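Novice: Knowing the structure of chain A, use the given hints to seat chains B and C on it.
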Amino acid sequence: MPVEQTQLLYRHRNVPGINRLETYVAHGGYEQFRKAVAMDPEAIIEEVKVSGLRGRGGAGFPTHIKWNAFPKNRDVEHYFIINADEGEPGTAKDRDLMNALPHLLVEGCLCSMVAVRAAKCYIYIRGEYIEPWKSVQKAINEAYAAGFLGKNVLGSGLDFDIYTHLGAGAYECGEESALMSSLMGERGMPRLKPPAAPLPMISGVWKRPSVVNNVETAATIPAILELGGAKYAEIGVGSPRSRGTKLFSVSGHVNKPGIYEIVLGTPFSEVLDIAGGVRDGHQLKTYIPGGSSMGFAPPTPLDYPFDYEGIPQNTQTLGLGSGGLMIFDETTDVFKVTHRLVDFYHHESCGKCTPCREGLDWLSKIYARIAAGGGREQDIDLIWDICDSIRGKSFCALGEGAIWPVMTSLRLFRHEYLSYIQHGRNTYSEAGQLGA
Amino acid sequence: MAKFTDDTKRRLDALIARYPTSQAALLPALWVAQEVYGGWLPPEAMQEVADHLGVPASDVAGVATFYTMYNKRPVAHHRIEICQNVACMVNGADELIGYCERKLGIHAGEMTTDGTFSVERVECLGACCHAPALMVGSTYYENATEQTVDKLIAELADMPSESVNPPQSQMPEQGEF
Amino acid sequence: MVGTPILKPDSWEHNIAMSTQNGPDRPKTPAESADVNKVVTDTKAAQDAGVPMVSLVVDGKSVSVPKGTLVIEAAFSAGSDVPYFCYHPRLTSVGACRMCLASVELEMFGQRRASIMATCTVPAADGMVIKTTTPDVKKAQNGVLELILANHPLDCPVCDRGGECPLQNMTISYGPPNTRFIEDKRRYVKALPISDHVVLDRERCITCMRCTRFASEIAGDSKLGLINRGAQSEVGPFLGGTFDSNFSGNTIEICPVGALTSRQFRFKGRPWEVKSSDSICTKCSNGCNIAVGHRMGEVVRINGRVNEDINEEWTCDKGKFGNADVNSSERLTVPLIRDAHGVLVETDWDTALSAVITNMQFVSENYGANAIAAFGTTTGTIEDNVLLGKLVHGVFASSNLAYQLTQAPRRLPKATIVSVESAKHIVIVGMDLPYDQPMYYLRSVKAQRNGATVISVQTPSDLNGANLTSESVVLVPDTLSAADYEAIKLITLAAGCDYSVLVSDANAYGPYLAGFDGADAWVDDLHTGLPASEVANHVLNGLASGAIKHAFVLASDPVGAYADNQLSNRAFSSDAFVVVTSQFMNATTAKASVVLPVASFAETAGSYLNVDGQLQTVDAVVPPKAGTRPQWQVLLELNARAGNPLPVFNPSDVLPTGFLQGGSE
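Chains as they are written, first to last, in the working numbering: chain A, 1 to 436; chain B, 1 to 177; chain C, 1 to 665.
The hints are simulated quantities; they were obtained by calculation from the structure and are not laboratory data. Note that the structure is a prediction, hence the values are computed from the model and not measured. Among the clues, some could well be false.
[What the hints assert, rightly or not] Calculated pairs, EDC-like style, for lysine to aspartate or glutamate (alpha carbon to alpha carbon, straight line, at most 16 Å):
no., chain 1, residue 1, chain 2, residue 2
1, C, K138, A, D385
2, A, K151, A, D161
3, A, K138, B, E173
4, C, K446, C, E421
5, C, K139, A, D385
6, C, K414, C, E471
7, A, K138, A, E22
8, C, K8, A, D379
9, C, K275, C, E298
10, C, K8, A, D381
11, A, K336, B, D94
12, C, K318, C, D196
13, C, K138, A, D388
14, C, K61, C, D81
15, A, K256, B, E142
16, C, K139, A, D388
17, A, K336, B, E95
18, C, K446, C, D221
19, B, K72, C, E234
20, C, K138, C, D81
21, C, K8, A, D385
22, A, K193, C, E107
Bound conformation, chain A alone:
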């Protein structure tokens, strides 16, 4: 029996005009905000806690813990920051949400701002996302006109301002602390974290309490308030620590690539089916469960709960990540895919720390040499050692994310590397072979 799916964020996704305020309001829009603005911030946080909501951007950190760390007063300006820098390869869900449901994001921000006592919100959108930017900014303008933004909103005595802020092409700015640097007008380099520095909720942007939440995370808040945390927490058929629904952008060799809202814990095989299954006439070779930084998963098992716990336990990848599920069939040259990813991380490395900056540079040169036919047997051990020198030692997670595709591809598809080393080409993908 397939898992019964629920649409929370995407409930009204296809209603014509849902991106306009009147239609959104007509479908219950801003009702949760009306509720939230009259609630005690602690009460909102409690709902979020009970709901089990975890960050939907990639790290999966429990949202209520972040929010709870804010000072429980308004002595200084608090900032609520949305991470709309969506750059993780394979991830396209925030773009869709901002295009189709901008008011959901605005309402989500407003509810969150009450919870963290923030009067100001910045939505950091990657520079390439012009259409989503205009969509969100239009919604913000409408919200101001309707009195949901501005001074003394809804007679609450509270002010709410939301600004959009464009990036300019840097994947690293999707990293929370690098995003904060970029927002402040600096190079997008990550900042020190505890124990080396206070939490951003104590000292973040401009040394004031701040939190960075993903678009989808904020957009989930109205649903949590509508259902109540406890009812939201009942949704989910896998691990007790993976509650609710998640937007997955499914891409690659599937019949129906697209963005799907799926109940967490749904077996992976069902997730595949929802996306139409592997493209006709082809077979699953490997997949990346949640954005390239998670690494490659083996083609089996398939019947495991697709959630924060199930994925790492069953695939030895980093996990659910951003939900950017990429399916690869037997035509895929995994070495080449990995090479392309290594070049990506190398290009996007901010350059602050030695392991990522130098390690990825070295790796990209080794991969280029192997791809060009100059590979040697010892290159495989060398690649492992370089990964080892990066793992756990880089300043931020970009280094970590870079090596997972490398390490998992070596673990699962070492033979393809050897094929390049011995023959200068991938005899396995050429023959449509799944494994060694």
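Specialist: Relative to the frame of chain A, chains B and C by itself:
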């Protein structure tokens, strides 16, 4: 030669007003400067931004060169930016890039001699579900094929350049949003 | 050997086995040792000052350090070694190089865990357990070095840093003995001059960001920045410009590799051939402590030396590169005497000195004691001035001892270099502070980073718009007019604050302390303050009128430096017999009857009182340039020829013990 007019400065001041520090307006300010300077940021542009924001010039240069979308050299009128990341790659992005290169007679990263078109390999555009995808200015062209490219090149020749007038330089709260 | 495991070449176990010289006694550059010393000293000082302490264990050893100490610093205090590149005790920590990784066990979010962390970023806390020598740590260190060395060019044979290079040292102690990198290294234009003083080699750069942090945090001018990103990150001045900062030389010394090197010192010597001797810079009044590098009797470079009360560990470019004039071919090396035709011609020391004494005796006998006058030196030592006093006043009984060529009230500044650091409101009048008072400037940058406001005004009347409060620190130069000082005094008095005169010369009050204004010259008077001296004016008028017939000018340039240029020109165009000691020709030597070539600061010994009243004594570093003599020796001989042999064999014999506590002779 300084190109910032009073209007430019007013735009920058309006941007600065959105943040607690003038430095925080640096990224938006660079978009404005890039527009004023016709699509790229020579050192003079960075110096003007530095002067108006009260930020050291070397910090402005550090920011401008960190982000790929700020151009250090003049760019083509229409930049055909094709995603080369993996979801697009396994859906034929490399072949599409090759087609573009042959059609325009240039390699990726180069500009046609008359400066109208360039083909560029870019990283994940967030259009993975409709791969391969390419971007020209503010528009995404998803599920792109060779026909898409043909049509695009034919139509773009008559369209205003979004490299010279980057849409990112518009004041968010104004304009045809 | 039988029984020894065969370690796979290039494996980290093999590399670890090959590094034998690690630990706290590993080879270190002077800068690395200075860093550790500073940390240990600061830690002890904070301890003594009663700062709350935290207790942790480092490599099995319990240690207590003041709250706020970084784990890497606690490790130093515990006697452990942690290698590092980007960490610097005077810069904010960035945790960029990852060289300082060690095992840190601590409790966070309710869990106790040990993990590898960048110890230069983590504040030490109670209960931490730090391990710097576990296999995981050694592996991490080996890995970081292998990665740094991957793209690093093998330039050691042609790199000035070789021999005092932290990267070399760290590699020997913690890194791999071979490379596995067979790819093409990153290439850039090499040896790119980015200013008159500094050469940049980007290929060597390890992007530790010490130089960019220095430019932003210490020099406060952000003249060096990073451009591009990732493996293409480069350091440099703003897009094709020059590194025009008066503190650029410091980046050469803090760069842990040979990316930033000195044009002046390029290829002049290997560190093991260059001796280093302590001295004081005399280019301005700050009295920065320097280490003069010399090779076979020749000064080849100047580095900073630690003095927390003056220059911390920094130099300014004027001192660091300007002191090369010690080697200048323009230096006077032969005594000169004006012949019958009025032309300055070369002579020998005996003839010159004889002429001086002969004339002094003649003038004294025929015109009286006060027909003789002297200008003391404000750039030479106190001892030089004392010996001049003994000659002109002691032997010849003249009271015409001039020295102050400026109009400033003589008062040691209330605002010392150190005190400026904690000022809240600093107002600078008529000075380009980074160039005129570099060490005051650097402290003002620190103050500004702590929230102080710093403003610069051009003229004293501008002070009216400066929002002065009783907390304001007003810094003024010594080159203003008497009227200017009056104005400043009134304005600051009304605001309830004070003003500080910052002298320009290395030893502006030296002659005063040498007794030029009378027997009872107490340094306390300099704290209370004296009006500007009128003696110089009196002497210049005397020379101009013909009343004074012999002027002994000790390393001073009244013709060029006296504000009333017309008067000083007239004074020295008279028929008076003028003796000048100098290193270079100047406006006064051009008018002299006798010119005596003297030794530079590096070639003589003695004491200087710096801008805020600190007495410093130095020894000679190199022998005097051939033909020149130290001033004190010249004056000793003149005293002897005048019938006053003194029991002085060294400058250290000149000043009485307890000098500055009591009066001078």
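Novice: Take the hints in turn and mark each one as holding or not.
Specialist: So, going through the hints one by one against the coordinates:
no.: 1; hint: C:K138 with A:D385; verdict: holds (14 Å)
no.: 2; hint: A:K151 with A:D161; verdict: holds (8 Å)
no.: 3; hint: A:K138 with B:E173; verdict: holds (8 Å)
no.: 4; hint: C:K446 with C:E421; verdict: holds (6 Å)
no.: 5; hint: C:K139 with A:D385; verdict: holds (10 Å)
no.: 6; hint: C:K414 with C:E471; verdict: holds (12 Å)
no.: 7; hint: A:K138 with A:E22; verdict: holds (13 Å)
no.: 8; hint: C:K8 with A:D379; verdict: holds (15 Å)
no.: 9; hint: C:K275 with C:E298; verdict: holds (10 Å)
no.: 10; hint: C:K8 with A:D381; verdict: holds (12 Å)
no.: 11; hint: A:K336 with B:D94; verdict: holds (12 Å)
no.: 12; hint: C:K318 with C:D196; verdict: holds (12 Å)
no.: 13; hint: C:K138 with A:D388; verdict: holds (13 Å)
no.: 14; hint: C:K61 with C:D81; verdict: holds (13 Å)
no.: 15; hint: A:K256 with B:E142; verdict: holds (14 Å)
no.: 16; hint: C:K139 with A:D388; verdict: holds (9 Å)
no.: 17; hint: A:K336 with B:E95; verdict: holds (14 Å)
no.: 18; hint: C:K446 with C:D221; verdict: holds (12 Å)
no.: 19; hint: B:K72 with C:E234; verdict: holds (15 Å)
no.: 20; hint: C:K138 with C:D81; verdict: holds (12 Å)
no.: 21; hint: C:K8 with A:D385; verdict: holds (13 Å)
no.: 22; hint: A:K193 with C:E107; verdict: holds (15 Å)
The earlier numbered hints are all upheld by this structure, with none contradicted.
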